[in-house]
Amino acid sequence: MNKRIQQNVMIKGTKDGLTLHLDDSCAFSELLKELESKLSANYQFQENDSGIAVKVHTGNRYLLEDQKNSIRELISQKKKLVVDEIISNVMTKEEAKRWKDEHQMTTIAKVVRSGQILEVVGDLLLIGDVNPGGTIIAGGNIFVMGALRGIAQAGHNGNRQSFISASVMKPSHIRIADKIMKAPDKYIADGHVMECAFVDETGHIIVEKIQAIKNHRPNFIRLEGGL
Amino acid sequence: MGEAIVITSGKGGVGKTTTSANLGTSLALLGKKVCLIDTDIGLRNLDVVMGLENRIIYDLVDVVEGRCKIHQALVKDKRFEDRLYLLPAAQTTDKTSIVPEQMHKLVHELKQEYDYIIIDCPAGIEQGFKNAIAGADKAIVVTTPEKSAVRDADRIIGLLEKEENIESPKLIINRIRSHMLKNGEMMDIDEVTTHLSIDLIGIVLDDEQVIKASNLGEPIAMDPHNRASIAYRNIARRILGESVPLSSIEDEPKGLMAKIKKIFAGS
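First to last, the protein sequences are chains A and B.
Heads up, the first sequence is in the numbering used here, so the first residue is 16 and it goes up one at a time.
Heads up, the second sequence is in the numbering used here, so the first residue is 1071 and it goes up one at a time.
Looking at chain A on its own, in the form it has when it is part of the complex (with noise of 0.2 Å):
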């Protein structure tokens, strides 16, 4: 039988960079020492080469930080090789968790209160009002099918793409990502019936009828099934 030395590390050139292809059975020490071998054989550079960006596949093996970055070190020690990203097909359960929290809607069906605070990590789908007082934070979206008179903030993590709705738009005031909007001085008593907030290109939150959400945000499609 032809006996073939088994690659750990595999380098393949794209027209985008080089990618690392990171054997996914062997020890970490030893792929580690064979990538040292591999990035300093025969690679001439040129002076006037810009940075060669970096893909690694680690296929089905786990990275702790630490590993990555002795990875990242490793790489970076060799002039001109930048790591742009390192790609792995597993992830831990919590990252599976919190990757599944985020891209999720909560639905709850209560009355936020005044002094009440109600925070989720993904979309809120809120079955009730926001009292004057209550607040309700989500990582995502905030639907609110209810009145909504205290506080909102929507993309909690700092995404401005997040938006706020509600069958009744009354806050006290509301924020979307790093931005505020306050109340403006008087509201119409019967008014403000189903309307949306959202980021506009400015950078100002501005508030319009709930059917302008599909003309500024046509991306939406979390409903339809997330991934």
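In case anyone wonders, no lab produced these hints; they're calculated from the structure.
There may be inaccurate statements among the hints.
Claimed, not checked - When the alpha-carbon atoms are kept at most 27 Å apart in a straight line, the in silico DSS-like pairs for lysine-lysine are as follows:
no., chain 1, residue 1, chain 2, residue 2
1, A, Lys125, B, Lys1232
2, B, Lys1200, A, Lys125
3, B, Lys1139, B, Lys1081
4, B, Lys1181, A, Lys125
5, A, Lys185, B, Lys1081
6, B, Lys1252, A, Lys201
7, B, Lys1148, B, Lys1181
8, A, Lys197, B, Lys1217
9, A, Lys48, A, Lys83
10, A, Lys27, A, Lys70
11, A, Lys185, B, Lys1252
12, A, Lys201, B, Lys1081
13, A, Lys125, B, Lys1208
14, A, Lys125, B, Lys1240
15, B, Lys1252, B, Lys1200
16, B, Lys1217, A, Lys201
17, A, Lys185, B, Lys1217
As the list claims (entries may be wrong) - Computed beta-carbon distance windows for the label pairs:
no., chain 1, residue 1, chain 2, residue 2, range
18, B, Asp1269, A, His231, 36 to 44 Å
19, B, Asp1269, A, Ile132, 20 to 28 Å
20, A, Glu223, B, Asp1269, 47 to 55 Å
21, B, Glu1278, A, Asp215, 51 to 59 Å
22, B, Thr1264, A, His118, 33 to 41 Å
23, A, Ala124, B, Gly1287, 40 to 48 Å
24, A, Ile132, B, Thr1166, 26 to 34 Å
25, B, Gly1311, A, Ile132, 55 to 63 Å
26, B, Lys1103, A, Met160, 43 to 51 Å
27, B, Glu1135, A, Lys108, 27 to 35 Å
Quick reminder that beta carbons are idealized off the backbone N, C-alpha and C, glycines included.
Please build the complex by placing chain B on the supplied structure of chain A, with the hints as guidance.
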């Protein structure tokens, strides 16, 4: 075994003590055995409204600290034979002199003997509030049709809903001025109930007689003709489980012609 109902509001001056006194009186008039507890330690005045101030010997703090037996501290209201008692608050200390566990134990003991325990809660959401709700099975939130009172009621309802042992609170809207309501200068009843989204158990019109009665130490509920009195009695009947329609918020017609019209209208 009896039922403990806490009367609370968050904001001060909306009529918690008046409501406690009158609901207690109304329930006693309906033949129930009632014990009123004033938990506003340091600022007691349920005894004044009930006209029992001069008969206090021991108080709530004496009972929980074991200086006397419960029955020694209870002040009997002679107007109602054996049906109405008051456990007054202490005046010389403050709210921190009792803890919720003591209150819970005390209310539990009283429930064995009385049909209804009405607990008058102090204003605020601190220790006094926590003590007052500790032993309660039900809660009644009193508010007036003013924005500030409704805000505070909202906060209080939020806190009450977190308590597992207390049923969903009921709402009393107090001090309604019908002429201001008609002119749209006051929040109307619908507005308050949709905002707070809890069940309304009664509305009470603003009436000068209520102030007069509390100064005399005779709860208004003892007057069978007064409108506020009828409102309180109706609330008491609703507490007992009867279904009584809400009273009208219209002003009483004034003048002879109006009275004649009223007779012919058959109301």
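Verification of the supplied hints:
For the suggested pair Lys125 (chain A) and Lys1232 (chain B), the alpha carbons sit about 12 Å apart, so the restraint of at most 27 Å is met. Simply put, Lys1200 (chain B) and Lys125 (chain A) have alpha-carbon atoms about 23 Å apart, close enough for the 27 Å limit, and the pair holds. For the proposed pair Lys1139 (chain B) and Lys1081 (chain B), the alpha carbon gap of about 33 Å is over 27 Å, so the pair is violated. Distance hint between Lys1181 (chain B) and Lys125 (chain A) is unfulfilled; the C-alpha atoms sit about 32 Å from each other, more than 27 Å.
Among the hinted pairs, Lys185 (chain A) with Lys1081 (chain B) is consistent with the structure: their alpha-carbon atoms are about 24 Å apart, no more than 27 Å. Between Lys1252 (chain B) and Lys201 (chain A), the direct Cα distance comes to roughly 22 Å. Compliance with the 27 Å bound is thereby established for this hinted pair. For the suggested pair Lys1148 (chain B) and Lys1181 (chain B), the alpha carbons sit about 21 Å apart, so the restraint of at most 27 Å is met. Proposed proximity of Lys197 (chain A) and Lys1217 (chain B) is supported: the alpha carbons are some 20 Å apart, at most 27 Å.
The suggested pairing of Lys48 (chain A) with Lys83 (chain A) holds, with an alpha-carbon distance near 15 Å, which does not exceed 27 Å. Restraint check: the Cα-Cα separation between Lys27 (chain A) and Lys70 (chain A) comes to about 10 Å, which is no more than 27 Å; the hinted pair holds. For the hint pairing Lys185 (chain A) with Lys1252 (chain B), the CA-to-CA distance comes to about 25 Å; that is within 27 Å, so the pair holds. Restraint check: the Cα-Cα separation between Lys201 (chain A) and Lys1081 (chain B) comes to about 25 Å, which is no more than 27 Å; the hinted pair holds.
For the suggested pair Lys125 (chain A) and Lys1208 (chain B), the alpha carbons sit about 20 Å apart, so the restraint of at most 27 Å is met. Of the pairs offered as hints, the one joining Lys125 (chain A) and Lys1240 (chain B) holds, with about 17 Å between alpha carbons and a cut-off of 27 Å not exceeded. Restraint check: the Cα-Cα separation between Lys1252 (chain B) and Lys1200 (chain B) comes to about 38 Å, which exceeds 27 Å; the hinted pair is violated. Our distance criterion of 27 Å between C-alpha atoms is met by Lys1217 (chain B) and Lys201 (chain A), whose separation comes to about 15 Å.
Distance hint between Lys185 (chain A) and Lys1217 (chain B) is fulfilled; the C-alpha atoms sit about 16 Å from each other, no more than 27 Å. Roughly 41 Å separates the CB atoms of Asp1269 (chain B) and His231 (chain A), a value that falls within the hinted 36 to 44 Å. The hint said 20 to 28 Å for the Cβ distance between Asp1269 (chain B) and Ile132 (chain A), and at roughly 25 Å that hint holds. Checking the proposed 47 to 55 Å range against Glu223 (chain A) and Asp1269 (chain B) shows it is violated: the Cβ atoms sit about 37 Å from each other.
At about 56 Å, the CB distance of Glu1278 (chain B) to Asp215 (chain A) agrees with the hint of 51 to 59 Å. Range check, Thr1264 (chain B) to His118 (chain A): Cβ separation about 34 Å, and the 33 to 41 Å hint holds. Here the CB-CB span from Ala124 (chain A) to Gly1287 (chain B) is close to 47 Å, well matched to the stated 40 to 48 Å. Taking 26 to 34 Å as the suggested C-beta distance range, the pair Ile132 (chain A) and Thr1166 (chain B) conforms, at roughly 27 Å.
Here the CB-CB span from Gly1311 (chain B) to Ile132 (chain A) is close to 37 Å, at odds with the stated 55 to 63 Å. The hint said 43 to 51 Å for the Cβ distance between Lys1103 (chain B) and Met160 (chain A), and at roughly 46 Å that hint holds. Take Glu1135 (chain B) and Lys108 (chain A): their Cβ atoms lie about 54 Å apart, and the range 27 to 35 Å is violated.
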